[in-house]
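Modelling step: build the complete structure from the supplied sequences, incorporating the hints.
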Amino acid sequence: MEEIMDLQQEEFDQVQYIVIRYGKEVFGIDIKYVDNIVRMQRITRVPNVASHIRGVLNLRGEVIPVISLRIKMGLEPDEITKMTRIIIIKLESGDSIGVLVDEVLEVIMLNASQIEKVGYNSKESVASFLSGVGKDEERDRLISLLDINATFGEKEAGAAL
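Counting in my numbering, the sequence shown runs from 518 upward without gaps.
Bear in mind the hints are in silico, worked out from the structure with no lab data behind them.
Check the hints yourself; a few may be wrong.
Cut-off 16 Å, straight-line C-alpha distance, at most; resulting in silico cross-link-like pairs (EDC-like, lysine to aspartate or glutamate) [as the list claims (entries may be wrong)]:
{"no.": "1", "residue 1": "Lys589", "residue 2": "Asp619"}
{"no.": "2", "residue 1": "Lys589", "residue 2": "Asp664"}
{"no.": "3", "residue 1": "Lys541", "residue 2": "Glu596"}
{"no.": "4", "residue 1": "Lys549", "residue 2": "Asp530"}
{"no.": "5", "residue 1": "Lys599", "residue 2": "Asp619"}
{"no.": "6", "residue 1": "Lys652", "residue 2": "Glu633"}
{"no.": "7", "residue 1": "Lys652", "residue 2": "Glu542"}
{"no.": "8", "residue 1": "Lys541", "residue 2": "Asp595"}
In structure tokens, the structure reads:
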């Protein structure tokens, strides 16, 4: 009986992540923040904004700022291909923000036992954008799990507008 309860609790603790790719690195975004995934479209540049803000796009009448997470994390600039997507993230504040990604790979489920916390010392490190690292045993890989609240502060969505 106790084993059944443990299994039910483990299922309850599972979280779905959208797995995305930047170069050879894979990252996960908690699906509860994902509002939409759209193909690359025209982004209107906005003058005098931070370098990682690529501009804005009009999605069904809503103007949404688009961010280059690569540049924000200090990685090499984006290379737009036919696999490039924009993930529309709905922040806890209710604002939306678009994030350029090289490719959307899949949706996976991870439970608490498959996630390790990340220790880091520097606010400038890529690790400062992570909530943890997921162990995907099925594909024998590690997935860096993005901390949406740390990555996109509440000011970020309004910064481009």
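Quiz item: Which numbered hints turn out to be false for this structure?
Solution: none
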